[in-house]
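S.K.: Using the sequences and the hints, build the whole thing.
Number of protein chains: 2
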Amino acid sequence: MNSADCSSHSATARLLHFGSPGAIYLRRFVGSLHVGRCGSNPTHVKTLRLRSNPPKTITVTEAEVAASAKIIDGKMVAKEIRDEITTEVSRMKDAIGVVPGLAVMLIGERKDSATYVRNKKKACESVGINSFEVRLPEDSAETEVLKFISDFNDDPAVHGILVQLPLPKHMNEQNILNAVSIEKDVDGFHPLNIGRLAMRGREPSFVPCTPKGCIELLHRYGFQIKGKKAVVIGRSNIVGMPAALLLQREDATVTIVHSRTQNPEQIVKEADIVISAVGQPDMVRGTWLKPGAVVIDVGINPVEDATCPRGYRLVGDVCYEEARKVVSAITPVPGGVGPMTIAMLLSNTLSSAKRIHNFQ
Amino acid sequence: MNSADCSSHSATARLLHFGSPGAIYLRRFVGSLHVGRCGSNPTHVKTLRLRSNPPKTITVTEAEVAASAKIIDGKMVAKEIRDEITTEVSRMKDAIGVVPGLAVMLIGERKDSATYVRNKKKACESVGINSFEVRLPEDSAETEVLKFISDFNDDPAVHGILVQLPLPKHMNEQNILNAVSIEKDVDGFHPLNIGRLAMRGREPSFVPCTPKGCIELLHRYGFQIKGKKAVVIGRSNIVGMPAALLLQREDATVTIVHSRTQNPEQIVKEADIVISAVGQPDMVRGTWLKPGAVVIDVGINPVEDATCPRGYRLVGDVCYEEARKVVSAITPVPGGVGPMTIAMLLSNTLSSAKRIHNFQ
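Protein chains in written order, with this note's numbering: chain A, 258 to 617; chain B, 258 to 617.
Treat the hints with care, since some could be wrong.
[To be verified] Restraint-style ranges between C-beta atoms, simulated for each label pair:
1) B:G479 to A:G549: 40 to 46 Å
2) B:T372 to A:E401: 52 to 58 Å
3) B:D340 to A:S516: 35 to 41 Å
4) B:R457 to A:T400: 24 to 30 Å
5) B:T400 to A:K327: 53 to 59 Å
6) A:K327 to B:L422: 28 to 34 Å
7) B:R457 to A:E561: 25 to 31 Å
8) A:G458 to B:I353: 45 to 51 Å
9) B:P394 to A:N520: 29 to 35 Å
10) A:S516 to B:S438: 32 to 38 Å
11) B:H614 to A:K336: 53 to 59 Å
12) B:K332 to A:T400: 49 to 55 Å
13) B:G458 to A:G549: 34 to 40 Å
These aren't lab readings, by the way, just hints derived from the structure by calculation.
C-beta atoms are modelled at their ideal positions from N, C-alpha and C, and glycine is treated no differently.
M.R.: Written as structure tokens, this is what we have:
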């Protein structure tokens, strides 16, 4: 791997270390373990292996191991969507004088949360959505948070309310998320929204942003979902579970793979569509994937890398270098699902304002 | 098949017609079709086939083709549960003077619905639960139904409210089911209950009766769910989907097979646990099943049979005669899941009364 490359998808010359086992990435899963550094794709290596013993380390250029996978460019699609939202926000303002508004609450001092909130605020500004920010100290009382939520529920200038997670430990997440009006739950985390998402013939007011972004990528790139075998890796309330429900609504045959799944590799290998959301760097190896599959990688995992300016680089749940030689299309990390999440949050806020004001 | 047998699980001598293809049972599914009369298990036939051409029709006794599958006796388990409920109802009455009450609403003149309602009423009586019945004519106004629901919501003698489905076509099922107080929704059909069922770390107030009954059978017979591959056939709001969510909560790796699934046979064949709820008589053939699997058959399908007193007999979704030679355990139809549904309704009503009156 080119040491100067601090993203997960270099396209430069690299060194293949044949036969040198690296870290075990599969930490929480039971079943068969693959030992080997992500990137040393055993399938590919086989075609290149020199007939010598011990195997030699050789340098090959990226062109020689060129992959055919289409790169699903989330950054570009998110930009398209934000442009569409900008147009719609402007049209709404001109027509009925209403500007969509998003309230964001941040409780505590987590740096990552502060960054997310800042990015959401900037994204609102960029499309013309008003943002309202509340920052409360770590030791705030739950009642104080609930009071702000109640005020936002009643505020006609606010069409979406978002409470940045995780909350400080002394707070009851369930109480707080349930307090958000179902009509302003732009995160789509309310159990009533999840219930409607699960039920045939029902429509949720909002779909959680990250899984919605995953499906939007499949749609915009024209990948068929109906009748396909889909595997979702991870069953979190905010990504894995709703992603599975969305695929199910679109007539895929869906399996959820999780930490108690036996032989996850074998199950993933059968999937035409893979959505991975476990937060395990490079867990899904090239050998896990069906040739021609479409891979949506939700994981954004920092891994230590002293050669990068920040001391780390970001990788997905899927070993990108291996996967791109096997699958037909894949999202990069970063630049895949990440930008879609905020785009979907803006989309949900716009939809909410349209619905509240009955604007088509 | 013994012509006098009008259930789906005869245990008498029978005639095997080797090589005589019968009806195609797979109607709504795409993928490979198996042609052959349910019961003429090709795997089994192979071991018995005489070396003659054309194959002969021979008579074998049931003992000769004895199956090893354990019969999951839903009738017996339901009886056990009803006995437990009787004891608890009595204990509650003695301790705090409260008798659980179930309100059942029947709108219209459907005979099957009337039978279900009558059975529920009788079941309540048998365990000491009070039942309140409302019958309204087919052409009732939706507002009239909503008024009754509202009254039951407020009535302290009522701890569970059940609206018998299907409703007359002019009524909006969603409006009516949503009107039932979440605290008295003993059917568990409210989207808030379904949402909580789908979410990790949340607890539904009630779990829908039929899928709850399926899982209860697995528990009472001591079948492990955690880590097992489970397939649910069918994705209805009242059985398939909540059954999948329940299995998922118990750490199975779950796939939902539905009418758009390609090669359902191949997917079902990999499952350690199969729950079928599609309403297609004998659709799941012996060849679909993994040896040693556990099968819960929710289907109760009438098939014409002139030799039966009523002109029909009941069969499941799974071809019982074939399946019992392959799997390790199976529910019969009738006498499997059927009796469990009402037992779970009584259980939900008791739980509701206990919760409302804070009685342990």
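S.K.: For this structure, which hints from the list above don't hold up?
M.R.: 6, 8 and 9
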